[in-house]
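Residue numbers (the numbering used here), protein chains in the order written: chain G, 1 to 331; chain H, 1001 to 1103.
No lab work stands behind these hints: they were computed from the structure. Each residue gets a CB set at the ideal place from its N, CA and C atoms; glycine is no exception. Hints may contain errors.
[To be verified] Derived DEER-like restraints, expressed as beta-carbon distance ranges:
(1) G42/G x T1035/H: 27 to 35 Å
(2) P1038/H x A34/G: 16 to 24 Å
(3) S31/G x D1100/H: 47 to 55 Å
(4) T1035/H x G188/G: 29 to 37 Å
(5) L18/G x P1038/H: 48 to 56 Å
(6) A65/G x E1024/H: 45 to 53 Å
(7) L33/G x L1062/H: 21 to 29 Å
(8) T1035/H x A34/G: 25 to 33 Å
(9) Q1080/H x L5/G: 57 to 65 Å
(10) L5/G x T1035/H: 58 to 66 Å
(11) G330/G x V1040/H: 50 to 58 Å
(12) S61/G x L1062/H: 49 to 57 Å
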Amino acid sequence: MDTLLQLAIGNLLSPMVLFFALGVAAGWLRSDLAIPEAISKGLSLYLMLAIGFKGGVELASNGVAGTVAVALVLALALSFSLPVLAYALLRTGTRLDVPNAAAVAAHYGSVSIVTFVAATGFLGYRAIPYEGYVVAMLALMETPAIVTGLLLARRANPAGPTASRPTFLTKEVAREVFLSGGVVLLGGSFAIGWITGDKGMAVMAPAVVAPFKAVLAVFLLDMGLLVGRRLHDFRAVGWPVVAFGIYMPLIGGMIGLLAAYAIGLSLGGMTLVAVLAASASYIVVPAAMRVSLPQANPAIYVPLSLAITFPFNLIVGIPLYHAAAQWIAGM
Amino acid sequence: MVQLYRKKRIDIVVEAARARAIIEMIEAVGAKGYTIVPDVSGRGNRGVRDEAHLSDVFRNMLIIVITAEAIANRIVEQSQPLLENYAGIVVVSDVEVIRDEHF
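Please put together the full structure from these sequences, using the hints given.
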């Protein structure tokens, strides 16, 4: 069993995190280093395909047990309920108004797919297995938080003028959320992996297994560039909110870890569910909030989840949640 | 000398999240067409807007409509409520076009 320090240093010195750091430094210094948008979109599609497919194959080879259904319900429950906690913390600990607190809260109930993928890279680096259906939990956790966030904003302002009330899940938002490219590819690849099983894996392995960690490292370089450029936006956010971007993942991660332990997941599975509960969305939820809750300021919620919580989870959170999972598993 | 016709040109810079609503309005009030520049960047009262990566949240679009004055007035009027809470610039100018029947 590694100590927390060994895990942290091992994580820090992995190529994934070092490439991320390179990107942050280059972005912050306003270097003209840039990964062309089409390539970075391609890399992210590759990662969704690979992670979805591997999860599906895993599920096919281990079979569907009762635990799977319980895990999926847990995923929905976490995503629906975490924003309520986040909202309460924001309203008491920061000066954010109702729409901004509700919008930020929605981000923290939803998930960051890249953080999840990085966590699977972290586990893969250490040859620690995890349950394939955790990928399905990932897919399910993306959207319920949006509903909760909008309900929180609406409940606090029930009689307001129509223009300041959030338009609820309109067709436009639903399409944005359920048919976003990432969700479709992740879910579709998961289904294909599940249907084709080990035979399918034999076909896909050269593409989805061997290059996975290297592609992830390149993608994290691109993420680093985005984060580095956004680091200049901190002033708009304010320190109490920045602090929230760090303590909320710790609280969410702890809740996820305990819930995963309670339903009997493995060490790897516990780590990943903790990461899911700790991470915050910065792609799907911002797009949904911009359409449904336009009074909330994207210059608060995007830097908060992208430039604070994402790097925190990547560098500190993942090894920390894993160490905590080891500790709980060893009890 | 080619005959020129007086029209109004409306330039609308709007964040991508709101572009669909604006375009639907432009079609609804009877403009015969519009031109879109899908990705424009610059600085305004919401700070620097660029960063087309990841999501459309910080992306701006330019929509250009050339139309008769009556329709132009309706577009200007109806764009006001649509732009509440969103980044947006609406500019109207006098222009002259050839091919009157296209606008």
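Each hint, compared with the structure:
1. G42/G x T1035/H: 27 to 35 Å: For T1035/H against G42/G, whose Cβ atoms are near 29 Å apart, the range 27 to 35 Å holds.
2. P1038/H x A34/G: 16 to 24 Å: With Cβ atoms ~19 Å apart, the hint holds.
3. S31/G x D1100/H: 47 to 55 Å: Given a distance of about 51 Å, which is inside 47 to 55 Å, the answer is holds.
4. T1035/H x G188/G: 29 to 37 Å: Because 35 Å falls inside the window, the suggested range holds.
5. L18/G x P1038/H: 48 to 56 Å: violated, 35 Å
6. A65/G x E1024/H: 45 to 53 Å: Hint holds: Cβ distance 49 Å, inside 45 to 53 Å.
7. L33/G x L1062/H: 21 to 29 Å: The hint (21 to 29 Å, Cβ to Cβ) holds, given that L33/G and L1062/H are roughly 28 Å apart.
8. T1035/H x A34/G: 25 to 33 Å: Holds, since T1035/H and A34/G (Cβ atoms, about 28 Å apart) stay within the stated range.
9. Q1080/H x L5/G: 57 to 65 Å: Since Q1080/H and L5/G have Cβ atoms about 59 Å apart, the given range 57 to 65 Å holds.
10. L5/G x T1035/H: 58 to 66 Å: holds, 59 Å
11. G330/G x V1040/H: 50 to 58 Å: Between G330/G and V1040/H, where Cβ atoms are some 56 Å apart, the hint holds.
12. S61/G x L1062/H: 49 to 57 Å: Since S61/G and L1062/H have Cβ atoms about 52 Å apart, the given range 49 to 57 Å holds.
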